[in-house]
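Enquirer: Protein chains in written order, with my numbering: chain A, -6 to 134; chain B, 17 to 251.
Derived by calculation from the structure, the hints in this document are not laboratory data. Beta carbons are placed, not taken as given, at the ideal position from N, Cα and C, and that holds for glycine. Just so you know, not all the hints are guaranteed correct.
Stated by the list, open to error - Below, a list of computed lysine-lysine pairs in the DSS-like style, where the Cα atoms sit at most 25 Å apart:
no.: 1; chain 1: B; residue 1: Lys235; chain 2: A; residue 2: Lys48
no.: 2; chain 1: A; residue 1: Lys(-3); chain 2: B; residue 2: Lys31
no.: 3; chain 1: B; residue 1: Lys202; chain 2: A; residue 2: Lys94
no.: 4; chain 1: B; residue 1: Lys245; chain 2: B; residue 2: Lys31
no.: 5; chain 1: B; residue 1: Lys245; chain 2: A; residue 2: Lys0
no.: 6; chain 1: A; residue 1: Lys(-2); chain 2: B; residue 2: Lys202
no.: 7; chain 1: A; residue 1: Lys(-3); chain 2: B; residue 2: Lys97
no.: 8; chain 1: B; residue 1: Lys235; chain 2: B; residue 2: Lys246
no.: 9; chain 1: A; residue 1: Lys83; chain 2: B; residue 2: Lys99
Claimed, not checked - According to the in silico footprint, chain B covers these stretches of chain A (three or more CB under 8 Å from chain B):
no.: 10; region: 5 to 19
no.: 11; region: 54 to 66
no.: 12; region: 72 to 82
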Amino acid sequence: MLNKKVKNRIVVFFGLAFLFIIVTVSSILALKDNILYFLSPTEVRESSNIVFNKKMRIGGMVKKGSIYNDRNEIKFIITDLKNEIMVSYKGTVPNLFSEGKGVIAEGSLKDKKFFVAKRILAKHDENYMPPDLKNVIKDVK
Amino acid sequence: MLKILSPSHVFGLLKKSGKVIQIIILPLIFISLVFALIISPQDYIQGDSVRIMYVHVPSAWIALGCFSLIGLLSVSNFLFKLKNSFLIYKSLAPIGLVFSFVAIATGAIWGKPTWGTWWAWDARLTSMLILTLFYLLFISSYKFIRNQEVSSRVCAGISVLGLINVFLIKYSVEWWSTLHQPASIKLNGTTTIHPSMLLPLYLMLLVFFLYCALIFLMKYRTEIIRMKKKGIKRL
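Here chain A stands alone, though its shape is the one from the complex (with noise of 0.2 Å):
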């Protein structure tokens, strides 16, 4: 089965999957900032190359406690539980949008404390359970 034709292919396979792998992978580390989606927190503040007023996306949870409803303005904190974001957002929020929850604002910063969010987006986690399972998780807690 290994003659010296299937060897050639082998070859000739493996050095072409091998240019594949290294092409992509250097491609993916060329666009690495392009291909994250959103900032934490502490990727805003420890990012030294942030530009104001310029869309961008930031994410993480919505503080517990911090949403404050004005009566067209809806302010929250964004918190990776290491640094903070205050956003200011004027519109409808999404159904999942809640204290506690995952939460992607898109707009512009700024600073780096203050984001003016055009759009909300809700961020689900991995977890799904019945509701009455929830009340149970919780009365143990």
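Assemble the complex: chain A is given as a structure, and chain B must be docked to it using the hints.
Expert: Relative to chain A, chain B alone:
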């Protein structure tokens, strides 16, 4: 061993196994739909929209699994010139294409009420779209390239790139921040779906799998008949 798997040998078996699947698939669809739509509970935050999962997840898995299979087949076809494996990947590729469309469409329908958007250019969704494009490339490269030798080479090239992309889809939610949540079902580690929702999910997966097998058997038979009609000696 490969002789046994040759089309002339399996031809009779294809029809029989297709019949068996036809008999069991209808009651199974009924049972799984009852589980998925009625018996399984609502999610604690998503409510009823969690039921889209029972279509979305199986079709995404089938789209990925199908590409892995046709990728490996066309690579081994390129390396060892297995004469009839192109009949198999010809029969599998359209199934995978359809289910990658289904996964993207159901994902969009699910995304609107939960995330608040139909589409986002995050790593998982984009790489899934690229998979669909790879399916299209793969199918058109065996449809439009008449020369068998050339088309099997092109298919092998496309499938290597596609297999790298399959790998990226799998790990996209772990390596980068995405709107799409991380995997709930892990091979090693705990599954974060409650058993009352996991059972309908697995049932639906079985149904989808059987449906694909049925379509595959029918298509494979057609391809074999088409080959025989051409009077090609290799059968």
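Enquirer: Run the structure past the numbered hints and jot down the numbers of the failing ones, going up.
Expert: Those not satisfied are hints 1, 2, 5, 6, 9, 11, 12.
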